[in-house]
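Under this note's numbering, the first residue of the sequence shown is numbered 1, with each subsequent residue one higher.
No wet-lab data here; the hints were simulated from the structure. Be aware that a few hints might be false.
[Claimed, not checked] Cβ pair distances, simulated, as ranges: (1) A149 to Q67: 39 to 45 Å; (2) Q265 to T85: 25 to 31 Å; (3) S206 to E262: 17 to 23 Å.
[As the list claims (entries may be wrong)] When the alpha-carbon atoms are kept at most 27 Å apart in a straight line, the in silico DSSO-like pairs for lysine-lysine are as follows: (4) K26 to K8; (5) K270 to K64; (6) K102 to K42; (7) K127 to K42; (8) K202 to K55.
For each residue, glycine too, the CB sits at the ideal point set by N, CA and C.
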Amino acid sequence: MILTLKNKYLSASIHSKGAELQKLVKNNCNYIWEVDTNYWNKTSPVLFPIVGRLKEDTYLYEEKEYQLSRHGFARDYEFSVIHQTDTEAVFSLTHTTETLVKFPFEFELQISYSLNESCLTIGYQVKNLGISKMPFSIGAHPAFAISNAFEEYKLCFNKIERFESYLLENDLFSGQTKTIPSVEECIPLEYRLFEEDALVFKNLLSSEVTLSHLNKPIFKMDYSGFPYLGIWTKDKAPFLCIEPWLGLADHKDTSRKIEEKEGIQWLSSKSNYTCKFSIEIY
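Taking the hints into account, I'd like the entire structure generated from these sequences.
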């Protein structure tokens, strides 16, 4: 099922499978890329209950081994709609017998979408319904359409940064870093930046990033409250993913114990965690 929100500025279409944003349209222009399976088969998956890859796709909890594929399972399940107006919708996913085999915790994940003038806000609420403390990560993975030459675009941040990217090797952190070339607060885009996988920033001072084409701003993302940011594309692909994360892939030397995992969050019994980010179209 596809649900569409609309105001006089924007429309947003969300698929109930994965509560995945598929279109964000202003003035008849869709800012989310349209799937081409030659490159990638997603538009904006939610990453839950992990972000990135686990070593050998496994983790240890209370000395028992569990299996989770990269980015978790929420993107693969049908969400129910628990609230809807013309400009707002809330989707919900709860634990099942199947998820408990992979992730032995009782949870509810709510994903909200809200339009306000030319801004879409996406909110996450994680609820621990069980009696034990629950580990989790969550993240966004929206892919934005690139309709002109990739090298004509740049990413500009709201603070001056030293852009140190943490390198991945076979989807795991290698312990190495590299400095990404920048001009003041902006990263000029080129495909070779992504030859070794995504750019991953852990310590940015900024809370906002703007994608510009030929110095003209296209949209601004506010990712306040997310400590990590991933930037990713594939060679010659007509999209760019800008990904606020609350969690990270494993390090290659991980113990695989979930309590030792970098970036893991812990939620007390019967507690909630909320976070949000927004996309403002210019």
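Which numbered hints does this structure break?
Going through the list in order, the structure violates no hint and respects every one.
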